[in-house]
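Construct the complete structure from the given sequences, taking the supplied hints into account.
So the protein lines, in turn, are chains W and V.
Per the numbering used here, the very first residue in the first sequence carries number 136; after that it's consecutive.
Per the numbering used here, the very first residue in the second sequence carries number 460; after that it's consecutive.
What the hints contain is simulated information worked out from the structure, not anything from laboratory work.
Careful, some of the hints might be misleading.
Stated by the list, open to error - Each pair of labels, with its calculated beta carbon distance range:
1. W:R212 / V:L732: 43 to 53 Å
2. V:S684 / W:L262: 56 to 66 Å
3. W:G296 / V:L732: 30 to 40 Å
4. W:R301 / V:R622: 36 to 46 Å
5. V:V743 / W:L262: 45 to 55 Å
6. V:L732 / W:L194: 21 to 31 Å
What the hints assert, rightly or not - Facing chain V, according to a computed beta carbon distance under 8 Å, are these residues of chain W, among others:
7. V163
8. A168
9. A202
10. S236
11. S328
12. L356
13. V357
14. A379
Stated by the list, open to error - Far from chain W by the CB rule (all over 10 Å, computed), these chain V residues:
15. V535
16. V607
17. V644
18. L650
19. G664
20. V673
21. S684
22. G699
These figures come from a predicted structure and were not determined experimentally.
Glycine included, every Cβ here is placed at the ideal spot set by N, Cα and C.
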Amino acid sequence: MFAGYLAAGWEVASIVAVVAGVVGFFTVVRGAAFAAHVLPNGAFAGAAGAVLVGASTLLGLGAFAVAGAVAIAVLRRRARSDVASALTVVLMLGLGDLFLSSTSQYASETFSLLFGEVLGVSTGEVLPTAAIGAACVLAVALLYRPLLLSSVAPDVAEARGIGAARMELAFLLVVALVTTMAVPVVGSLLVFSLLIGPPAAACSFAVRPPAAIALSCAIALVTVWASIACSYATNLPVGFFVGALGATAYALGRAPGAWHRRGPHAAARPAAGTGRVPAPAAR
Amino acid sequence: MGASLAPVFEPGFFTSPPVLVAVTVGGVVAVVSAVVGTFTVLRGQSFAGHALADVGSAGGSAALLAGVPTLSGFVVFNVLAAAVMELIGLRRPRGRDLATGVVLGASLGLAALFLYEDTVSSNTTGATVNVLFGSVFTLSPGLVPVVVALGAVSVALVVLLYRPLVLSSVSDELAAARGVRVRLVGAGYLLALALAVSLSAVTIGAILSTALLVGPAASALRVASRLATALVVAAATGVGATWLGILVAYDSVDWTGGSGWPVSFCIVATVFLVYAASGLPGRVRRARRPAGPRTVGPVVGSLARPEPDVEPGPPETTGEG
Numbered sequence: 136m137f138a139g140y141l142a143a144g145w146e147v148a149s150i151v152a153v154v155a156g157v158v159g160f161f162t163v164v165r166g167a168a169f170a171a172h173v174l175p176n177g178a179f180a181g182a183a184g185a186v187l188v189g190a191s192t193l194l195g196l197g198a199f200a201v202a203g204a205v206a207i208a209v210l211r212r213r214a215r216s217d218v219a220s221a222l223t224v225v226l227m228l229g230l231g232d233l234f235l236s237s238t239s240q241y242a243s244e245t246f247s248l249l250f251g252e253v254l255g256v257s258t259g260e261v262l263p264t265a266a267i268g269a270a271c272v273l274a275v276a277l278l279y280r281p282l283l284l285s286s287v288a289p290d291v292a293e294a295r296g297i298g299a300a301r302m303e304l305a306f307l308l309v310v311a312l313v314t315t316m317a318v319p320v321v322g323s324l325l326v327f328s329l330l331i332g333p334p335a336a337a338c339s340f341a342v343r344p345p346a347a348i349a350l351s352c353a354i355a356l357v358t359v360w361a362s363i364a365c366s367y368a369t370n371l372p373v374g375f376f377v378g379a380l381g382a383t384a385y386a387l388g389r390a391p392g393a394w395h396r397r398g399p400h401a402a403a404r405p406a407a408g409t410g411r412v413p414a415p416a417a418r
Numbered sequence: 460m461g462a463s464l465a466p467v468f469e470p471g472f473f474t475s476p477p478v479l480v481a482v483t484v485g486g487v488v489a490v491v492s493a494v495v496g497t498f499t500v501l502r503g504q505s506f507a508g509h510a511l512a513d514v515g516s517a518g519g520s521a522a523l524l525a526g527v528p529t530l531s532g533f534v535v536f537n538v539l540a541a542a543v544m545e546l547i548g549l550r551r552p553r554g555r556d557l558a559t560g561v562v563l564g565a566s567l568g569l570a571a572l573f574l575y576e577d578t579v580s581s582n583t584t585g586a587t588v589n590v591l592f593g594s595v596f597t598l599s600p601g602l603v604p605v606v607v608a609l610g611a612v613s614v615a616l617v618v619l620l621y622r623p624l625v626l627s628s629v630s631d632e633l634a635a636a637r638g639v640r641v642r643l644v645g646a647g648y649l650l651a652l653a654l655a656v657s658l659s660a661v662t663i664g665a666i667l668s669t670a671l672l673v674g675p676a677a678s679a680l681r682v683a684s685r686l687a688t689a690l691v692v693a694a695a696t697g698v699g700a701t702w703l704g705i706l707v708a709y710d711s712v713d714w715t716g717g718s719g720w721p722v723s724f725c726i727v728a729t730v731f732l733v734y735a736a737s738g739l740p741g742r743v744r745r746a747r748r749p750a751g752p753r754t755v756g757p758v759v760g761s762l763a764r765p766e767p768d769v770e771p772g773p774p775e776t777t778g779e780g
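Right under this line is the structure:
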C-alpha cells in the first residue's frame, strides 16, 4: 500500500486535505456550500476542454475555475446568489459534456474527472500541487481577519471599509485555486465533500476559529488517508470513501449538539448554529 | 412551406420516432420543472434542487446496476434524500446549506461507487455519461405515460398546496401565524420537487437537470409582475427552450459533419441564453423610472429573502458602496 509508485498519490492527497481543511472552514462559516460545489463542477468543463485541445489539465482546470468564480461574483450583483450559482454550474457542466463528447475517450475520461483517480497521480504533479496549495494557504493567512469579519458580520465589515463584494470575489478565487489542485485527485464532484464535511464537523467541536481550522485539517487528513487505504484494500473508488467519511464526520459533530438541544439545557443554549463558532449570516 | 423551412428543420425531424418521444417528454418535463421551479427560486432552494439532482445520479446508477429503468432509481433516491434533508433541518437557513451539502457529498460518494461497479461489471460502458448527462433521444416510447403520470402528481401537489405554499415561501412566520402548517407544506413541496427533478434528470441528465428547474423560473420571475403570470411564462419558456435545444441538437449533426452536439448541452445553453436575455427588460425599465410597488416581479423575490444586493434600484448603487 505504501509502495513507491503510490507515494505521489499519498503526498498530493495529504496536501489537498490540509488546504481543503483551511479553506473549507471559511466555506462553512460563510455558508458558501453552493459555491464550493459549483466551482469544482465548472472546473470539470475546463479539464474536459484541455483534454480536447491537448493542453495541460491543470491549466484548463484553473482557467475555468477562475472564470466560474468571476461569473458568480458578477451575476450575484444582479440576481439572487443561489440562482446565479445554479445557472453557472449547469452551463459549465453542459460545456464539459460538449467538450468530452467531442473526444474519443468519452466515458472513461468523464468518470476519472468527476470522481478522481488518486492512485494514478504521478510524481510530476506533486510540485505544482504543493505550490498552488501554498498559495491558497498564504492567501487565506493574508486575508484572515477581514475575511473572518466579513463572513461573520458583513455589516460591521462594511462599516470598516471591507467591501463585501471584494471579499466574496477574493474568497471565490481561493476556492477556485483549491479546486484546481484537488480535482485531479478526488474529482470535481468530491472536492466539495472535503470542503464541507470535515470543517462542518470541526465547527461543532471547536470553540475558537484557529482551533476549528486546525481540527478541520486533522479531520480532512484522516478522511483522506482512511479513504485511500480503504480504496486500496477494497479496490473501490476513493471518492466513495471520501463522501461517506465526510458525512460520517459531520453526523458525529452534530450528534452532541442535537443531544444537548433535546436535553434540559435547551433553553439556556444560544440559537442553534454550528457550535460556538459564529454561524454564517443568513444569505 | 415545407421547402422554405428546410434549412431550419433538417429532413426527418417530424417523422423520426426518437424525436417525437423527445419532444413529448421534453415538453411535459419542461412544464413540470417550470411550475415547481418557480417555487424553488422563490424559496431560495436552488441548492436543494441541485443537490436532489446530484443525489439522483446515485439512484440512476444504482438502477442501472440492478437492471431496472433509471427513472425508478431517480425517483426512489430523490424522495429519500428529500426526506433526509427535511429531517436534518432544511427549515433553518443557517443549517440548511450545510445539511444539503452533507447529504449531497455522501450521495455523490455512492454515485461514484455505483458508477464504478456499472463500468466494471457490465457491458454498459457509457453508464457515467448516460446517467449524469442523459440524452432525451435515447428514451423508450414506453416511458411517456410514466413521465406524464409522475409529472401530473408533481403539479397536482403544487396546485393543492398553492395558497399556503405561496404564503410560506414569502414568509414562514407569517404563514405560521395564519395557521398554515409550515413544516407539512414544506415537506409536500419537497416531494413535488423530488419528482420534478427525477423527471428532468431523465430528460437532460442528473447533474444538468437544475437548468430546467431554475432557469425558466428565474427568467420568468424577472419579467413577470404577478406569480400566476410568472408560472405561465416559466412553463412557456421551459417548453420553448427544450424544444429549441432538441431542434438544434438534431440539426447540429449536419453542421458538424456527423457527430453532433449533445442534446443536453443544447438545452442547457438555450436556457442560459434565455435567462441572460430576461434581464434586459428590467434593466431598461429601471433605467427609465424607479421601481414602484406594482412591479411585483423583483419585489416578490426580495421578500422571500431580503438581501441588500437584490433590492430593485439603479445599477450604480448595487455595487460596493
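Of all the hints given earlier, name the ones this structure violates by number, lowest first. When the structure is compared with the hints, numbers 1, 9, 12, 13, 19 and 20 turn out to be violated.
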